[in-house]
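Peer 1: Listed below, chain by chain, are the residues.
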Amino acid sequence: MARAVTTRRKALLTVIGWTVGFLVFFPILWTVLTSFKTEGEAIANPPSFLAFDWTTENYTEVQHRSDYFLHMMNSVVISFGSTALGLLFAVPAAWAMAFAPGKRTKDILMWMLSTKMMPAVGVLVPLYILFRDSGLLDTRVGLVGVLTLIDLPLIVWMLYTYFREIPGEILEAARMDGASLGKEIVFVLAPMAVPGIASTTLLNIILSWNEAFWTLNLTTSNAAPLTAFIASYSSPEGLFWAKLSAASTLAIAPILVLGWFSQRQLVRGLTFGAVK
Amino acid sequence: MNLKTLCLGVSAFVSLALSAHAETLTIATVNNGDMVRMQRLTDDFKAKHPDIDVKWVTLEENALRQKVTTDIAAKGGQYDVLTIGTYEVPIWAKKGWLVALDHLGADYDVNDILPPIRNGLTQDGKLYAAPFYGESSMVMYRKDLMQKAGLTMPDAPSWDFVADAARKMTDKANGVYGICLRGKAGWGENMAFLSAMANSFGARWFDEKWRAQFDQPEWKKALGFYVGLMKDAGPPGASSNGFNENLALFQSGKCGMWIDATVAASFVSNPKESKVADSVGFALAPDNGLGKRSNWLWAWSLAIPAGSTKTAAAETFIAWATGKPYLDLVAAKEGWANVPPGTRTSLYANPEYAKLPFAKMTLDSINAADPLHPAVKPVPYVGVQFVAIPEFQGIGTAVGQQFSAALAGKTSVDDALANAQKLTEREMVKAGYHK
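Order-wise, the sequence lines are chains B and U.
Be aware that the first sequence starts at 1416, since it is given in this note's numbering, and climbs by one per residue.
Be aware that the second sequence starts at 2, since it is given in this note's numbering, and climbs by one per residue.
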């Protein structure tokens, strides 16, 4: 009897799990389906789910009108570059805060987080002028720099949380065995924090990939990433949903593939330390 | 080395040298059908001007406005040619943000540009932007449904006729609504339509002393009429409908009438896109017998920002994109129906273009709009469906939210007008127009 209840409960949980999963995935599925419709079918009411004339003309037009690969390469350079640069600063900073905290460590962490609370548009004009004067407008270097700075508080916070879960005694033992600071970080801390670093890296790549405010405002054509590519398909006068969906599908495809292959690391990292 | 090899070498060197010296223009534009067509036809420009290359930055209208404003204000110099609307041109020209277009060439024929459009782009006698396409608004209606209702649409209908026809054409059981009008909040969305409609009811945004006029009976009549009509004969969820939503409804046969931009005429009469293409008729925007019709005036135009260092090349491009030969080029490649409308008198004198069912009505609608005298009573501002002051974007959108809420039934017409009056007065006092 008890076994039957457990099985029924399991089945119920499975159904709930699949339903929630489907609901979360539905907007992406709908975008993909819309990308294969004509503009008329894309806005038809009631909408058709699968029974429509499938067409790839939206993809053909998007390819014809835009340089997808230029935008994608810009996205890759900007998101991977800013993540790598961010980790370079954040790992030592998080190590210092986790294993050698000072009197003001908590205050510094809170201050770092508070910089995320300011609306981005508040610093748009000063930053724009700085970029103009240093010739960084519409350059990948400029965007890598600005996205590194914007995401740094989040990376430091995430890494700090993971590092705090690692027992300080292990690092102490390494030190007693004569390990230098560099060796301690590279050979002792890093291997233990791999899930945390991996999930931080992935999350930051996704955030940078999707960042739309700065990437739209500080670029024109040369360094414009996929966010600018998508934005170019919205129209005030004329139907655009099918073409916009095709552009969106192309824009999210690389990051979906990356997320699919690294989902184990991502989940492991995000739940790291959640249950003691 | 034979002669052929030598010739090939020399021509390769020349083309390399030319491309090395080619100036690249960065052109910011919106994703409208006519603009996309222009991008497709850029090869013609490059063939005529091999020393000038072009790069396109296409964005959503509001994103473009924000980016371009930031760049101009910060003198970033990122753009050489901008696509801007009739609202921005007088404001930006006055601020010194735009370069006057004095060198469009001897054969450009500025006087051929339709006078209402040209006036809107001229400041102190100088043209600051060249119109790429112009538009007004008009009634697009279903001839079959009108006939079924036992009515005949006049060329210049009154609001009473339109309201009566809308109610008679409505068949909610079959998903057919008599009239589709904009309801989505925004200065360029519902307020474009409602400001133009209010003009025909004798209302105005401001009196001669810049005092808001939403507490006057004309506005109450206009907004009350609009909300009542939409309640009886409008589609459900109309408060979130803008141009595209209504276009979709009309094309799928769910609207009896639609009053919106004249540029929509080519969409709704295109059988590839529209289920009702063969039964669409056109009429002037309605009036109330007060001497003003409810049609607006707008033009997407090309201008050069003051920060550009390539003004000569930019002006060459603008002359190409907005000149008469471009219209012939589009007609030859994509047909007369796809020629950018509403900019040149000569286009409407062309017998081939005049054959299009919407050509005459578009021209008449544009000519019926007067941005210098938009309302029945005198006003201190320029603009038919907008007020050409920098504060209008914010005020217009805030007022639009109030009116959209009234349409959705979240607030009453009286409360919406009272709130609009209060917030507009507050902003005008803050901006120093009066105490």
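Keep in mind that the hints were calculated from the coordinates and are not lab data.
C-beta: ideal position from N, C-alpha, C; glycine also.
Treat the hints with care, as some may be off.
Per the computed footprint, the stretches of chain B lying under chain U, defined by three or more beta-carbons under 8 Å from a beta-carbon of chain U, are [said to hold, decoys possible]:
no., segment
1, 1453-1462
2, 1533-1545
3, 1595-1603
4, 1647-1661
Peer 1: Which hint numbers does the structure go against, in order from smallest to largest?
Peer 2: Of the numbered hints, just 3 does not hold.
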